[in-house]
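Undergrad: Sequence:
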Amino acid sequence: MSLKGATIAAISLLAAVPTVSAHTWVEYLYHISSTGTFTGEPGYPIGYLPRSQGISDDQHQTKILDTSTNPAICKPLSSSNTAQYPPLQAGAGDYIALQYQENGHVTQPDLTPRPYRGGNVYVYGTMHHQDSDGINDVLNSWTADGKGGNKKGKLLATHYFDDGQCFQDAPGNPITQQRQAKYGVNQLPCQTDIQLPTDLASKGTYTLMWVWDWPRIISDTQNVTEIYTTCAQINLTGSKGESVKSGSSIKFGNNKGDIQSAAIPSQVHNLIEATALGIGTSSPPAPTGLDEATTTPSPTASSKSKSHGHVKTVTVTAEPETVTQYQTVTMGAGNDNDGHTSAQPSTLTTSTAVPTKQTATSTVIPFPTSFIPVTSVHGFLKVRAARVTGHARRGSYSY
Numbered sequence: 009m010s011l012k013g014a015t016i017a018a019i020s021l022l023a024a025v026p027t028v029s030a031h032t033w034v035e036y037l038y039h040i041s042s043t044g045t046f047t048g049e050p051g052y053p054i055g056y057l058p059r060s061q062g063i064s065d066d067q068h069q070t071k072i073l074d075t076s077t078n079p080a081i082c083k084p085l086s087s088s089n090t091a092q093y094p095p096l097q098a099g100a101g102d103y104i105a106l107q108y109q110e111n112g113h114v115t116q117p118d119l120t121p122r123p124y125r126g127g128n129v130y131v132y133g134t135m136h137h138q139d140s141d142g143i144n145d146v147l148n149s150w151t152a153d154g155k156g157g158n159k160k161g162k163l164l165a166t167h168y169f170d171d172g173q174c175f176q177d178a179p180g181n182p183i184t185q186q187r188q189a190k191y192g193v194n195q196l197p198c199q200t201d202i203q204l205p206t207d208l209a210s211k212g213t214y215t216l217m218w219v220w221d222w223p224r225i226i227s228d229t230q231n232v233t234e235i236y237t238t239c240a241q242i243n244l245t246g247s248k249g250e251s252v253k254s255g256s257s258i259k260f261g262n263n264k265g266d267i268q269s270a271a272i273p274s275q276v277h278n279l280i281e282a283t284a285l286g287i288g289t290s291s292p293p294a295p296t297g298l299d300e301a302t303t304t305p306s307p308t309a310s311s312k313s314k315s316h317g318h319v320k321t322v323t324v325t326a327e328p329e330t331v332t333q334y335q336t337v338t339m340g341a342g343n344d345n346d347g348h349t350s351a352q353p354s355t356l357t358t359s360t361a362v363p364t365k366q367t368a369t370s371t372v373i374p375f376p377t378s379f380i381p382v383t384s385v386h387g388f389l390k391v392r393a394a395r396v397t398g399h400a401r402r403g404s405y406s407y
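My numbering applies: residue 9 is where the sequence shown begins, and numbers increase by one.
If you are wondering where the hints come from, they were derived from the structure by calculation, not from laboratory data. Heads up, a few of these hints could be off.
No farther apart than 20 Å at their CA atoms in a straight line, the calculated lysine to aspartate or glutamate pairs in the EDC-like style are these [what the hints assert, rightly or not]:
hint: 1; residue 1: Lys162; residue 2: Asp139
hint: 2; residue 1: Lys162; residue 2: Asp207
hint: 3; residue 1: Lys162; residue 2: Asp145
hint: 4; residue 1: Lys190; residue 2: Asp177
hint: 5; residue 1: Lys71; residue 2: Asp139
hint: 6; residue 1: Lys211; residue 2: Glu49
hint: 7; residue 1: Lys160; residue 2: Asp207
hint: 8; residue 1: Lys159; residue 2: Asp139
hint: 9; residue 1: Lys159; residue 2: Asp145
hint: 10; residue 1: Lys71; residue 2: Glu234
hint: 11; residue 1: Lys155; residue 2: Asp207
hint: 12; residue 1: Lys71; residue 2: Asp145
hint: 13; residue 1: Lys160; residue 2: Asp139
Could you put the whole structure together from the sequences, leaning on the hints where they help?
TA: As structure tokens, then:
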């Protein structure tokens with residue numbers, strides 16, 4: 009199927025799909041050209057089934073609600089019909105777009121309490137995939153330098169589920185209306201843009217693992233695991249004619265007319281975009297005062313604040329409480345050979361009940377700020393209203 013044919017088929021089928029009745033999976037993979045547009049034939053994920061055969065969470069992706077048993081991260085390789093739905097062909101260093109539909113998780117963000125911009129998407133890659141690879145072997149274990157966990161693979165990219173532009177045609181929906189007006193199309197698929205490692209062999213099979221971390225928030229300190237994954241094989245073919253080896257060499261022009269078949273510049277230029285839930289590029293602004301920096305203290309708690317020029321430091325001593333620290337991806341100290349900042353995930357733990365002393369330091373600067381955590385459900389719920397524009401509103405957030 010041609011690129012144009014695949015895009016038209018996907019869009020036409022979307023009109024008949026009810027939103028939020030199913031979740032999300034990668035449906036197509038595209039090679040990104042030197043002008044930022046998709047080129048060549050699309051590739052298909054492991055176990056691909058067209059929407060015309062019906063929609064089912066269990067059939068279209070791997071759904072993980074409990075990680076304690078380390079369930080398989082991918083569908084069995086034997087589930088693929090590669091003759092009818094072949095893998096993408098690409099070479100070392102190529103940029104690839106993984107395309108999926110938002111299925112109401114962008115345009116209907118308030119149905120259930122979820123993380124900022126619909127949670128994070130992590131993409132990992134390996135030359136040594138086996139059906140037995142488990143979610144715990146990969147998620148928050150493999151690192152960008154390839155030295156994490158069992159060292160079988162590496163982290164390639166991290167982005168938000170809501171890529172800032174995608175939506176489905178939902179009449180009367182304010183997010184749909186805003187993005188239709190902005191992009192001039194009835195609906196627009198989401199995408200996750202990555203770069204294949206530059207040191208891959210010219211032949212062989214490389215496996216991508218797309219992991220959507222979408223926990224349901226119960227309280228300020230609790231959430232329920234909900235992870236969806238899609239895996240896809242890449243047939244390595246050596247260097248392609250339009251191959252580009254660095255994001256800066258992709259000359260994005262005015263692709264508004266080709267928005268449905270073009271990569272997202274911000275993702276290509278910043279492969280490690282989301283570093284934790286609520287943390288990353290264009291994350292919510294830092295707190296600028298006591299009410300924004302802390303939850304309500306107990307009657308016996310004392311607080312004090314100090315101001316140093318344009319930097320305000322707020323210190324609050326509260327009663328004992330249990331604080332959840334989320335798993336994060338820590339930015340590395342250096343760059344890789346392509347000029348991209350490396351990242352390394354680290355797993356933080358949940359502290360025990362001890363008296364807490366919380367200090368928040370913020371510089372009063374215009375939005376956006378980067379790498380500011382939002383660890384409260386209230387902050388998540390408030391910033392989701394900003395999905396219409398992709399920016400968080402300034403205001404009182406719980407940190």
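Undergrad: Give a verdict on every hint.
TA: The hints, checked one at a time:
A hinted pair counts as satisfied when its Cα atoms are at most 20 Å apart, and lysine 162 with aspartate 139 qualifies at roughly 17 Å. Between the alpha carbons of lysine 162 and aspartate 207 the distance comes to roughly 12 Å, so the proposed pair stays at or under 20 Å and holds. Of the supplied pair hints, the one linking lysine 162 and aspartate 145 holds, its CA atoms being roughly 11 Å apart against a limit of 20 Å. With a C-alpha separation of about 14 Å, the suggested pairing of lysine 190 with aspartate 177 holds against the 20 Å cut-off.
With a C-alpha separation of about 15 Å, the suggested pairing of lysine 71 with aspartate 139 holds against the 20 Å cut-off. Distance restraint check for lysine 211 and glutamate 49: the Cα-Cα separation of roughly 19 Å lies within the 20 Å cut-off, and the hinted pair is therefore satisfied. Pair hint lysine 160 plus aspartate 207 holds up; C-alpha atoms about 15 Å apart against a cutoff of 20 Å. Between the alpha carbons of lysine 159 and aspartate 139 the distance comes to roughly 16 Å, so the proposed pair stays at or under 20 Å and holds.
A hinted pair counts as satisfied when its Cα atoms are at most 20 Å apart, and lysine 159 with aspartate 145 qualifies at roughly 9 Å. About 8 Å separates the Cα atoms of lysine 71 and glutamate 234, which keeps this hinted pair within 20 Å; it holds. Of the pairs offered as hints, the one joining lysine 155 and aspartate 207 holds, with about 15 Å between alpha carbons and a cut-off of 20 Å not exceeded. Restraint check: the Cα-Cα separation between lysine 71 and aspartate 145 comes to about 16 Å, which is no more than 20 Å; the hinted pair holds.
Of the pairs offered as hints, the one joining lysine 160 and aspartate 139 holds, with about 13 Å between alpha carbons and a cut-off of 20 Å not exceeded.
The structure shown violates none of the earlier numbered hints.
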